[in-house]
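K.L.:
The residues making up each chain are set out below.
Protein chains: 2
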Amino acid sequence: MLNFTLYNPTKLVFGESTIETIGEHLVKSGIRKVLIVYGKGSIMKNGVYDTVVESLENNNIDYIKLSGVKPNPVLSKVQEGIKLAKENEVDGVLAVGGGSVIDSSKAIAAGVCYEGNVWELFEGKGSVKKALSLFTILTLSATGSEMNSGGVVTNEDEGKKWSFGSPLLYPKVSILDPSVQRSLPSNQTANGAIDAISHVFEAYYGGTESTDMLDELSEGIIRTVITHTRELLKDSNNYKSRSELAFAATLALNGLNGVGRKGDWASHSIEHSLSVLNDIAHGSGLAIIMPAWMKYVYKEDVKKFAKFACHVFTINEGSDEEKALKGIEALRDFYKEIGAPITLKEVGVKREELDFIADNAAILAPLGTLKPLKRDDIYNILEIAYE
Amino acid sequence: MLNFTLYNPTKLVFGESTIETIGEHLVKSGIRKVLIVYGKGSIMKNGVYDTVVESLENNNIDYIKLSGVKPNPVLSKVQEGIKLAKENEVDGVLAVGGGSVIDSSKAIAAGVCYEGNVWELFEGKGSVKKALSLFTILTLSATGSEMNSGGVVTNEDEGKKWSFGSPLLYPKVSILDPSVQRSLPSNQTANGAIDAISHVFEAYYGGTESTDMLDELSEGIIRTVITHTRELLKDSNNYKSRSELAFAATLALNGLNGVGRKGDWASHSIEHSLSVLNDIAHGSGLAIIMPAWMKYVYKEDVKKFAKFACHVFTINEGSDEEKALKGIEALRDFYKEIGAPITLKEVGVKREELDFIADNAAILAPLGTLKPLKRDDIYNILEIAYE
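Protein chains in written order, with the numbering used here: chain A, 1035 to 1421; chain B, 1035 to 1421.
Because the hints were derived from the structure by calculation, they are not lab data.
Since the list can't tell identical chains apart, any single copy or any two copies may satisfy a pair.
With a cut-off of at most 30 Å between alpha-carbon atoms, the simulated DSS-like pairs for lysine-lysine come out as follows:
| # | residue 1 | residue 2 |
| --- | --- | --- |
| 1 | K1337 | K1274 |
| 2 | K1274 | K1341 |
| 3 | K1274 | K1296 |
| 4 | K1333 | K1296 |
| 5 | K1337 | K1268 |
| 6 | K1062 | K1296 |
| 7 | K1296 | K1164 |
| 8 | K1268 | K1104 |
| 9 | K1274 | K1405 |
| 10 | K1206 | K1062 |
A quick note: this is a predicted structure, and the numbers were derived from the prediction, not measured.
Next up, chain A with everything else stripped away, as it sits in the complex (with noise of 0.2 Å):
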């Protein structure tokens, strides 16, 4: 185990019948005024919006309002809000949403007490010194922002999908009420789950030495996905499983399953080129991206990715190699099972796009820990995803 430091201060407030109690939570952090983020109005729809504002008006918080946050969210709309903030002097930042409304929210946290502009912490000119403080109310479980200190916005003129991130980024308060996902259509619960098994996969793999703790936890988070994903796309209505769900994803990126492991991003690198080229759903292209690389690279860790198929899939039999393959068709095959498309091909990408979206995310290379990957290699698994 690489030496580490778990830091997480971020109170995750879970369960039913929670999101009443956001204006409580605000009134305790100090809180007056908030902007309220959130995407397309869907929270008009399954009640949260009412009760939310219901909830801040018990307490006396007053708020403004920032709608239309889209999926893979974009600088234009970080800057709008940044402005939104300023202009209407807020101390604080709620987060009504799926990850794109919070990764948003972190960036229009950390914009409002940014001198230039916001784009500079995404490309590492400038760091957050301070930022606003966010609570996040989250109505879909896959990218684990609701309790972590990072975010991904895209510069749609640069066609930049980029991370960034600082400890002053934790929501202070993240609520998480299982039972509003009960509404969500089986391939936004699909995505989510292909996207949490992904950031497992980042750590687990990204690390040869003695990781046995931080595996189990790895295999643990992945196998209650898979089950209850599976339970899920029987009954979406399925409380327990929806909780289960939920949870496990927020465990999947809260940092603990991320420590002690050097990690290895490559494949989520490649899908935000993937994504930021086509538009796809970021769990869509992780569906059809990570089997590919998992492909391109298990020959430097065969004994680990032998593990994974034993642990997850109970794959015993055959060698190593074969074992390994075997887990790795086992994954495409569950992505299959649960709707995600598993080539670029079947999403509309063109063979002649690949040089462009190799280009692209070889622009951080090399990515990943693993086998380091050049643009070449970016290009090769490309190949491997196409069809």
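Following the hints, complete the assembly by docking chain B onto the known chain A.
P.N.:
Leaving out everything else, chain B in the frame of chain A:
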């Protein structure tokens, strides 16, 4: 899964050569003068004391010392620490040792800021409104106190070993360098492992609702503890296994494993009464009491006991009841294998003392949730544990 709040602001700094950073962490937290609390001097022998003092001096942190905290720590020592801290106007407490040192330090940190007698905080007659900042350097993995907000102290005048806690008592920073545990004797390693396993059980068996994700974590912790305790009893110097056991023991009681389930702390309560009256090591007491408790209550949730047997000891044959009983037997065998006592008789308890222990534990009855234990139930468990 029950509704829950997950919150833990402790910064855990884990790995080799981390102790020397303590001074910097204190400076960052604005601390100028600390009370160093430690035990009977093992930190003098293994070099930890010198490293700590050098780091404090390099960072211009003033300090005074309280030594002599013993296992099953006592109230009189806590009161000595409170007096010393007040007289010297320290602004922080630095615990350097195992659970008994950290627990005593928590009571000191709270007691300094409490008007009445600190024991009132254990009796529930008062609550912690303010506390000195607490920092820890862990030298024995067992209790999890380095990353939680509770503690246990014995009031030797009243013969009560009771617990207390407050969110204000999470350590600000806890440093855990597993390499300093290389010199521990086998029985201390084993006792720490048994304590950690018991903490997991206390959540695992305390809830019949769906808790798949948490059960995965629980079972993963126990498997890790079993594997690496065995390794350490072969080679005390194995850093890999020291790290795995240390991290697993922290995760066993840092709050995460305890959320979403009711919990059942009956065994711990009974053990406290046993060890306050007989001054045996907490881990040894748990090795005796826990399997006896399991035998007495398993019928309340046979499926869960069978699941444990299957997932931890790979016992797949027979009815659920048979699996459950075999699992309890396997646990007892493991405790025996690592040199722990498994009967009260072995540790010198006389049969005629069982009444006295049961009476002491029954002060807090009913104990636990799986089967709320009355005085006679406690006596019956002690009878099972006797020989």
